[in-house]
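**Student:** Here is what each chain is made of, one letter per residue.
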Amino acid sequence: MPDPQHADVHWAGELFTLSPLRVAHWARRRTLLVADMHLGKPAAFRHAGVPVPEECTAADLARLDQAIQSFAPDRLVILGDLLHARTARCPRTFQTIAAWRAEHATLDILLIRGNHDDRAGDPPEDWRFRVHDEPFADPEDGNIAFAHFPEAIERADGKHVLAGHVHPAVRLTRGARSLRAPCFLFGSRAALFPAFGSFTGTKVIAPAPADRVFIVGDCVVAVGPKPGHQPSHHSRPTSARRRYPGLRPGLG
Amino acid sequence: MPTVHPAIEQFFASRGWSPFEFQLQAWQAYLDGRSGLINAPTGVGKTMAAWLGPVIERLRELEASGGVSDAPLRAGSKKRSVRPTGDGEPIRVLWITPLRALANDTLASLLEPTRALGLPWTIESRTGDTSQSLRKKQKDRLPTAMVTTPESLTLLLSHSTWRERFATLRTVVVDEWHELIGTKRGVQMELALARLRTLNPALRTWGVSATIGNLEQARDVLLGVRPAHTPALVRGQIAKDLQIHMLIPRDIERFPWAGHLGTRSVDVVIERIRAARSTLLFTNTRSQAEIWFGRLLAADDDLIGQVAIHHGSLDRGLRQKVENMLAAGSLRCVVCTSSLDLGVDFSPVDQVIQLGSPKGVARLLQRAGRSGHQPGATSRVLGVPTHAFELVEFAAAREAAEARQIESRPPQTAPLDVLAQHLVTIACAEAPAGFDEAVVRDEVRSTYAYRDLSDIDWHWAMDFVKRGGQALTAYPHFARVAPAKEHPSRWTVASDRIARTHRMTIGTITGENSLAVKYLSGRSLGHVEEGFISRLEVGARFVFAGKILEILRVRDNTVFVQRTRKRSGVVSRWDGGRFSLSTQLSAAVRGKLADARSGVFIGPEMEAMRPILELQMRRSTLPGPDELLIESIQTPDAYNVFIFPFEGRMAHEGLGALLAHRITLEAPATITANCNDYGLVLRSQDPLDLPQERWAGLLSTTALVDDLMACVNSSSMARRQFRDIARVAGLVVPGFPGQSKPGRHLQASSEMFFDVFEEFDPENLLLRQARREVLDSQLELGRIRTALERMSKQTILNRTPEELTPLSFPLWAEHLRSTSASTEKWSDVVAKMSLELEQSATGDVPRRPRTKPKKQTSNSPTSSRKPSPRARPATRRRPLGR
Chain L
1 MPDPQHADVH
11 WAGELFTLSP
21 LRVAHWARRR
31 TLLVADMHLG
41 KPAAFRHAGV
51 PVPEECTAAD
61 LARLDQAIQS
71 FAPDRLVILG
81 DLLHARTARC
91 PRTFQTIAAW
101 RAEHATLDIL
111 LIRGNHDDRA
121 GDPPEDWRFR
131 VHDEPFADPE
141 DGNIAFAHFP
151 EAIERADGKH
161 VLAGHVHPAV
171 RLTRGARSLR
181 APCFLFGSRA
191 ALFPAFGSFT
201 GTKVIAPAPA
211 DRVFIVGDCV
221 VAVGPKPGHQ
231 PSHHSRPTSA
241 RRRYPGLRPG
251 LG
Chain C
1 MPTVHPAIEQ
11 FFASRGWSPF
21 EFQLQAWQAY
31 LDGRSGLINA
41 PTGVGKTMAA
51 WLGPVIERLR
61 ELEASGGVSD
71 APLRAGSKKR
81 SVRPTGDGEP
91 IRVLWITPLR
101 ALANDTLASL
111 LEPTRALGLP
121 WTIESRTGDT
131 SQSLRKKQKD
141 RLPTAMVTTP
151 ESLTLLLSHS
161 TWRERFATLR
171 TVVVDEWHEL
181 IGTKRGVQME
191 LALARLRTLN
201 PALRTWGVSA
211 TIGNLEQARD
221 VLLGVRPAHT
231 PALVRGQIAK
241 DLQIHMLIPR
251 DIERFPWAGH
261 LGTRSVDVVI
271 ERIRAARSTL
281 LFTNTRSQAE
291 IWFGRLLAAD
301 DDLIGQVAIH
311 HGSLDRGLRQ
321 KVENMLAAGS
331 LRCVVCTSSL
341 DLGVDFSPVD
351 QVIQLGSPKG
361 VARLLQRAGR
371 SGHQPGATSR
381 VLGVPTHAFE
391 LVEFAAAREA
401 AEARQIESRP
411 PQTAPLDVLA
421 QHLVTIACAE
431 APAGFDEAVV
441 RDEVRSTYAY
451 RDLSDIDWHW
461 AMDFVKRGGQ
471 ALTAYPHFAR
481 VAPAKEHPSR
491 WTVASDRIAR
501 THRMTIGTIT
511 GENSLAVKYL
521 SGRSLGHVEE
531 GFISRLEVGA
541 RFVFAGKILE
551 ILRVRDNTVF
561 VQRTRKRSGV
571 VSRWDGGRFS
581 LSTQLSAAVR
591 GKLADARSGV
601 FIGPEMEAMR
611 PILELQMRRS
621 TLPGPDELLI
631 ESIQTPDAYN
641 VFIFPFEGRM
651 AHEGLGALLA
661 HRITLEAPAT
671 ITANCNDYGL
681 VLRSQDPLDL
691 PQERWAGLLS
701 TTALVDDLMA
711 CVNSSSMARR
721 QFRDIARVAG
731 LVVPGFPGQS
741 KPGRHLQASS
751 EMFFDVFEEF
761 DPENLLLRQA
771 RREVLDSQLE
781 LGRIRTALER
791 MSKQTILNRT
801 PEELTPLSFP
811 LWAEHLRSTS
821 ASTEKWSDVV
831 AKMSLELEQS
841 ATGDVPRRPR
851 TKPKKQTSNS
861 PTSSRKPSPR
871 ARPATRRRPL
881 GR
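Protein sequence lines, in the order shown, are assigned to chains L and C.
With our numbering as the guide, the letters of the first sequence map in order to residues 1 to 252.
With our numbering as the guide, the letters of the second sequence map in order to residues 1 to 882.
Since the hints were made in silico from the structure, they are not lab data.
Keep in mind that the hints are not guaranteed to be accurate.
[Claimed, not checked] Computed footprint of chain C on chain L; a stretch qualifies when at least three of its residues, placed anywhere within it, have a C-beta under 8 Å from a C-beta of chain C: (1) 109-118; (2) 199-206.
[Said to hold, decoys possible] Short derived list, chain C residues pointing at chain L, Cβ under 7 Å: (3) W460; (4) P483; (5) K485; (6) S489; (7) V756.
Because the structure is a prediction, the values reported are computed rather than measured.
Every residue gets a Cβ at the ideal spot worked out from N, C-alpha and C, and that includes glycine.
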């Protein structure tokens with residue numbers, strides 16, 4: 001029986017289950033998908049003299065544990081930005097991650113390098129992560145490719161792309177009330193994932209009418225555009241960057 | 001007249017003045033070695049009262065040592081700083097000004113007497129605007145007198161050379177202290193003074209303040225808890241005639257019941273501007289100033305070039321230009337905000353017009369003082385109401401002003417964010433030898449703000465800068481302050497990099513991050529708050545500096561714009577302080593309405609309001625002194641319960657949140673509370689069943705703090721308040737225009753900090769401070785408590801009018817600010833949002849036809865689109881119900 005907190009989405013001929021833990025599960029490939037973990041971001045801040053509690057990292061990994069327990073995947077795909085910065089490579093953070101890896105020793109972990117990974121460097125060998133530049137897919141992934149930047153669709157050989165980077169959120173309003181929530185967005189060829197890391201910001205985006213948007217809170221809920229609302233700039237063909245004003249290279 | 005000094009007498013005589021009694025008192029007290037506070041109305045020589053004490057002292061010293069100084073002055077020098085040949089004397093006087101925009105004016109008025117008296121003093125300013133070359137010069141040696149801001153002073157105190165640089169300092173004068181006392185910058189000032197007093201225990205501190213209700217406390221805050229001599233309070237009781245007149249609408253029955261722009265009076269105001277040589281037109285918000293500036297020009301071509309705009313967001317150069325033109329008499333009118341409340345020796349104008357209620361007695365007096373700004377002259381102010389009830393407010397304000405019921409400005413108590421910042425400042429200053437914790441704690445406790453600082457809070461603040469928080473393990477590898485190498489028991493700044501970042505944050509105590517507004521050519525127009533610009537997209541248009549601007553791009557804290565003629569989609573609203581009706585004025589308004597209830601209408605304003613107040617009586621009633629009015633009215637959009645405590649917008653916001661919370665505790669519901677200065681409305685989609693007997697419980701003071709805290713926690717109020725705290729405590733590293741930003745990977749929002757602390761370090765005292773600040777300053781806990789206590793003794797008049805009343809209509813129309821309390825689940829709330837997306841990037845630029853400048857052809861009220869009783873959707877009857 002499907003979990004009422006989850007939402008299923010058919011996209012690119014595949015079925016994905018979206019979880020409020022800010023992950024998605026791809027049942028056919030027994031794969032768990034996350035984006036923008038930004039591990040070690042608190043350490044990088046503390047290094048610069050800004051106090052952020054270390055427990056963030058452990059809490060994020062505990063949330064990932066929860067997702068792994070409920071979906072029992074064989075493979076974990078990280079859509080970029082595993083580590084936040086070079087100064088995130090502090091012994092304490094690394095110990096926490098290494099211990100977590102040891103608990104999930106058999107899990108196949110695939111990391112697509114994101115802009116933060118470029119600066120922070122690849123994870124240590126002994127964590128046994130497969131690390132690739134975007135776009136990348138294993139042979140059985142069919143029509144799906146993994147990336148960090150949604151612009152990777154242009155280099156994906158016509159495949160559909162799952163991407164991160166944007167930290168997308170939408171704003172819902174009703175009268176004077178307004179609510180901002182992180183979201184998944186499934187567009188015509190690219191899907192955007194919410195940032196997984198808890199100490200990360202969000203960027204409010206303007207979805208196109210055809211985009212399917214799922215907001216993430218206590219549960220995952222599908223939201224649609226305002227009926228009859230057609231902003232003029234959506235009617236003409238646009239690049240990904242134009243469509244999502246949040247897209248900016250280097251946005252953490 | 002007691003002789004102070006012949007040269008001073010001569011100086012005054014040469015200008016046709018003679019010293020006032022309070023000036024003589026201030027000079028004498030200064031010469032006796034005392035510190036104190038000078039209070040006098042604007043424009044009667046406060047500056048001279050504070051400045052000439054040190055000057056006379058020096059003149060006497062020179063005489064004692066054999067004649068006036070022989071250092072010659074370059075005659076006719078037009079330079080702002082006059083440096084005599086050879087070195088000037090070392091630093092003696094620090095002159096603190098709250099606004100760096102005032103520094104140049106101050107400099108000029110300090111220079112005048114010293115030049116005339118031939119003192120060998122250098123007088124310079126030191127603010128964020130000071131040129132690099134002058135800074136470099138000041139690095140070698142500070143001028144004899146330096147005009148600076150609290151931030152720039154703190155910055156100077158963060159360098160290890162501070163002891164040598166300030167060694168000869170004798171006096172600190174804090175100008176416009178009433179502007180600083182209630183703020184965190186005031187606390188920053190107190191801490192800086194404590195530092196300087198450790199250096200020189202005989203330091204004399206003088207404050208200059210406009211009239212506020214708590215002058216003695218203001219003096220004590222400034223002087224600290226251990227003054228060396230009996231503190232002086234010098235009050236200038238110069239009777240300055242004050243006349244407050246009102247522009248009474250010709251057709252009160254058609255005058256709107258709500259709205260805040262008042263542009264329908266534009267023609268009458270133009271008549272008044274034409275009739276006077278010079279006018280200051282005061283508005284309450286910057287957007288109102290922009291709108292009125294546009295309207296004046298649109299309505300009368302003759303005014304082009306003769307009207308200017310002046311507000312705090314505009315570039316200093318532009319403001320300076322306007323000030324100079326006004327001083328030169330080449331302007332007919334300046335549309336301005338509180339940016340012109342302050343200012344030294346501002347040239348007098350013929351008339352002051354106040355647009356909309358001044359909301360406070362002190363503000364009205366301050367602004368009125370801008371006319372007839374010379375001793376003995378009459379101050380005149382013309383009040384222009386923006387909606388009907390402002391007639392009552394003006395009448396009440398005049399009454400309170402005549403009775404001298406002036407508002408107080410309570411000081412801040414022990415803000416931990418400012419303390420944490422100060423500790424790092426000291427650590428920077430005492431590097432590398434470090435500071436002794438006990439000594440600094442004692443110094444901090446010598447300030448009024450921290451006089452009762454507990455050991456627990458002190459240790460927390462020290463822990464915060466040493467290791468991030470109390471939990472020893474929570475913040476590995478963090479240190480802003482570390483043990484000194486040579487003396488491990490002393491504390492110094494952890495690294496040069498920390499010191500550099502810290503100095504960048506010192507200047508940011510002021511408030512919201514703002515972005516520069518510039519043309520592509522680089523010409524600067526001013527700055528706007530981040531919050532305003534973040535709601536706009538590239539291509540959006542807004543009115544600024546009297547021009548319609550289109551946003552080209554936003555980069556590195558700069559908004560690049562170009563001028564445009566297109567008017568569609570223009571946004572004119574941005575934050576600019578909506579004042580809350582003061583306690584004094586609220587009480588006076590209640591009195592006026594109670595009079596009206598018993599048929600007493602005194603004065604032309606109340607007489608003019610008579611038809612509207614009588615309509616209120618017919619549809620519902622007016623509350624007497626011992627009564628609380630509650631109106632329950634159903635409108636097509638909601639069930640409304642209107643409550644009228646008359647306690648001011650801020651207290652009503654808190655009361656609204658409290659009532660909504662208490663009602664929703666019993667049954668899950670969503671209630672939206674809107675408020676204005678007179679009352680609040682609770683709105684619900686479902687019927688609100690609030691019989692008479694429930695009100696005693698709802699309005700009880702039992703568990704008040706707990707309930708309010710629950711509101712604070714369930715809403716985003718504490719998170720919003722945390723923005724400032726995060727910045728002051730150095731969590732959010734600011735980027736500055738023109739400076740390279742700190743790495744993007746170190747950018748985080750205050751909300752993120754709030755969440756992460758709340759989850760992993762809930763005892764974090766910065767969180768506690770945020771909540772306390774929300775309770776005290778945002779919700780005005782004290783006023784809420786007083787209001788509830790008063791209301792509990794009042795008789796409740798529960799009315800159910802069939803249509804909106806003159807009192808309830810403005811509240812119903814108040815959709816802009818609202819607080820909601822909800823006990824519904826997140827998913828239910830989302831479900832009720834009809835799953836509609838706000839098109840945030842481009843679609844949410846609200847089209848606001850009523851703020852769009854529109855050429856008015858006549859004074860006909862029908863040309864206004866303001867919400868007026870006629871625009872009521874429910875019942876379309878004539879407002880007077882005939």
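**Student:** Please go over all the hints and tell whether each is borne out by the structure.
**Tutor:** Status of each hint after checking the structure:
| no. | hint | verdict |
| --- | --- | --- |
| 1 | 109-118 | violated (count 1) |
| 2 | 199-206 | holds (count 6) |
| 3 | W460 | 12 Å, violated |
| 4 | P483 | 16 Å, violated |
| 5 | K485 | 18 Å, violated |
| 6 | S489 | 22 Å, violated |
| 7 | V756 | 5 Å, holds |
Violated hints, listed in ascending order, are 1, 3, 4, 5, 6; each of the other numbered hints is respected by the structure.
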